[in-house]
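Q: Take a look at the letters that make up each chain.
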Amino acid sequence: MATAIEIMEEEKVAIETKLLTGSQALMECLIAENVDTIFGYPGGAIMPVYDALYDYMDRINHILVRHEQGASHAAEGYARSSGRVGVCMATSGPGATNLVTGIADAIIDCTPMVAITGQVASGLLGTDAFQETDVIGITTPICKWNYQVVDPDEIPEVMAKAFYIAAAGKPGPVLIDITKDAQIKSMTKPFEYKKITKLAGYHPRRVPKLEQVEKAAELINNAKKPYILVGHGVLISEAMEEFREFVEKADIPVASTLLGLSAMPIDHPNYMGWLGMHGMYAPNVMTDQCDVLIAIGMRFDDRVTGDANLFVKQAKIVHIEIDPAEVEKIKKTEAPVVGDAKEVLKMLLPLIEKKDHSAWKKEFRDLEAAEKEAVTDRDLAKVGKIKMAEVVKMVSDKTKGEACIVVDVGQHQMVTARYYDFKNPHSYIASGGLGTMGFAIPAAFGAKMGAPDREVVAFIGDGCFQMTIQELGTIAQSGKAVKMIILNNNFLGMVRQWQELFFERRYSFVELQNPDFITIAKGFGIPGHKCEDRNDLNASIDALLESETAYLLEVVVEKEENVFPMVPAGRSVSEIRLK
Amino acid sequence: MDFMNTYTICVFTENSIGLLNKITIIFTRRRINIDSLTVSETERKGISRFTIVIKHEKREEVEKLVRQIRKIVEVLAVFGYLNEDIVFDEIALFKISTPLGSRPLDVETINRVHKAWVVYWGLDYVVIQKTGSEKEIFDFFKYIKPHGIIEFVRSGRVAVAKTPMGLVEYLPEDMEWEYYL
Ligand SMILES: Cc1ncc(C[n+]2csc(CCOP(=O)(O)OP(=O)(O)O)c2C)c(N)n1
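Protein chains in written order, with our numbering: chain S, 1 to 579; chain E, 1001 to 1181.
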């Protein structure tokens, strides 16, 4: 009689020679790509895949979200904290359309993602079958690539392409729509997976052209007042070390974009803060003073430039960027360098002269007093109701600036960017380009899955919290210690601020009747605490940080606080307001 | 309005489903109207060639558009041209009524002057084919109109660049291409 081990061996051989179904092939592809976590939600058109997943549970950790939007944001959070491709999965029709917001968010913030959707059987395509939606049509404008699979034999190659395209060059989302029959049918050939490293139509330039680097070096070396704007690209290409060396050798002042936050520790002597609509005073106004602007891995978003025609008019621009379509999209550029930030900086470094720009850097520091007096000191004054700023500052101090911070969209997002003292890279995870309310709860969960050893703290507005509140269930079920702080001002604060400043205080539908958040969290099995008194803040934050499980802290803050500085939309950065 | 230039954009792509949509949404999102569009397979198997004609007042915007089209994964190469950089033509078919007793067509003028050819004789109509520039086609349109045009159709532009090399030569090298030649 055969022993158990012999039987297992036989089965293994059988699997190796047996032809896989499309669903099994998909599982094998995920394993070949070292995917350890997927965020998904089942339904009719993806059931064969879920059935295959049942046999792969020990190797692939599937997280059941509560709404597919949560799956796509969680995949983003996972990708942003780990640097790996985030994977999400949904059924056809409503499942797929629920993913759409997260996919749109991922394309604009360059987040690598593979979304897998089920589709009705190929014979039913175009018949308005049950839960049939033209997902390829819907997602074409928001995907880096998408593809509909109707034949299981295609799966290995298509998935290899999907993972390559999602991560290569400027990362982004890829959607693979698989018809139900392609999931069920067996392949006609043995499964074989070959990773893809290059495609005829897509082979982004990583190593730049030498002449472009030389031209950039010349401009930088001859600059009297060079100024660096660092963006998300430096974090994506893991170029932090090369970047620091470059900055220190050339001794150039640095500001980051919102998504470039944490590319450099904020206590670095060359770091001047971040810029943009609610960015800091000196980094914004000094864009008018530099003679050479070195933009690295950023795309001159209108929230950075204000009126782009008036932005850095006086300066020559060096633009280091991996996507050729970004070069001169917004600003005329004297020295474009197309390539991966890390490779470009490596090549640039030996060509750069050692400099001392102390006097020029001091010009930035001299402007700090005005902002400190008008904004920072007031935000942190600890008078009246609790202010968002002091909550963020206290969390920053207690976590020594080392936590992975996830934010939602609105005033709390900007205040967190201002008052958290980032030490480590990949520590500010925000929906920047799309400004997607509802991002934070699922993205914080995803970030924790992607970086389980980091303390993940989410700052969330009371409005935003209610957009994806159901993901509390996902967090509770996973047992992961995601820390959440609601900064509750009882308003859609950022919109209220605009109405106050630009619409004569006509508060049109911005006040909320909020639920009892703590009771809701308890209902989901997540402990929490509501803090309404400054004297209780310290202990409240300690309880949050010390909790071994997920935890919700609600802090009731000043209702009509405004975020300053502020560059009014579409205006020149020189019109920045301090109050 | 500023002066509008005509641009001809040649796009080489893998021949896969949905590509026409992927390309045209890049124009529609930027509110650029497509004047004409022609798609066919090239002499290399599996490679399609799109010839897209637009009018635009700003060269930089067209360059940006070209770079956006290049981002599509299945797109292998994109070229943008002004009229002077290319040799181009369109083809038009005219269905002209020729009932019994109508004024006879002056086939000699049609052939010699307008370089147009009768390609089909129906019972009481003929089909004339005219190849040429937009202007030549409309000149012929005016000439033939008195005879009564039952139907008229004009193709999109096809174009080749005034370069010694063929555009397909610029396609990525390290692929094994199969030729029809
Ligand atoms: C999905 C979505 N809907 C609407 C908006 C517009 N919006 C931007 S910020 C904001 C208010 C956010 O309110 P809240 O969550 O309370 O945060 P606060 O600004 O008060 O910190 C709104 C409605 C958006 N960004 N995203």
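Just so you know, these hints were derived from the structure itself, not from any lab. Just so it is clear, CB atoms sit at the ideal spot from N, CA and C, and this is done for glycine as well. Treat each hint with caution, since some may be false.
To be verified - For lysine to any residue, the following SDA-like pairs were computed, each having C-alpha atoms within a straight-line distance of at most 20 Å:
(1) E:1064 / S:249
(2) S:398 / S:373
(3) S:329 / E:1032
(4) S:249 / S:342
(5) E:1095 / E:1064
(6) S:225 / S:342
(7) S:329 / E:1066
(8) E:1071 / S:381
(9) E:1058 / S:398
Said to hold, decoys possible - Partner residues aside, some chain S positions facing chain E, computed with beta carbon under 7 Å:
(10) 145
(11) 325
(12) 329
Q: Each hint should be assessed against the structure and marked as holding or not.
A: Consistency of the hints with the structure:
A distance of roughly 35 Å separates the Cα atoms of residue 1064 of chain E and residue 249 of chain S; the hinted pair therefore is violated under the 20 Å criterion. The hinted pair formed by residue 398 of chain S and residue 373 of chain S fails the criterion: a straight-line CA distance of about 24 Å is larger than 20 Å. Proposed proximity of residue 329 of chain S and residue 1032 of chain E is supported: the alpha carbons are some 16 Å apart, at most 20 Å. Only pairs whose Cα atoms come within 20 Å are accepted, and residue 249 of chain S paired with residue 342 of chain S is accepted, the gap being roughly 16 Å.
Between residue 1095 of chain E and residue 1064 of chain E the CA atoms are separated by roughly 41 Å; this puts the pair beyond 20 Å, and the hint is violated. Only pairs whose Cα atoms come within 20 Å are accepted, and residue 225 of chain S paired with residue 342 of chain S is rejected, the gap being roughly 24 Å. A distance of roughly 12 Å separates the Cα atoms of residue 329 of chain S and residue 1066 of chain E; the hinted pair therefore holds under the 20 Å criterion. Between residue 1071 of chain E and residue 381 of chain S the alpha-carbon distance is near 50 Å, which puts this suggested pair outside the 20 Å criterion.
Between the alpha carbons of residue 1058 of chain E and residue 398 of chain S the distance comes to roughly 54 Å, so the proposed pair goes past 20 Å and is violated. With its C-beta approaching chain E no nearer than about 5 Å, residue 145 of chain S sits inside the 7 Å limit, and its interface hint holds. Satisfaction of the interface hint for residue 325 of chain S is found here, the shortest Cβ-Cβ separation to chain E being roughly 4 Å, below the 7 Å cut-off. For residue 329 of chain S, the interface hint holds, the least distance from its beta-carbon to any beta-carbon of chain E being 6 Å, beneath 7 Å.
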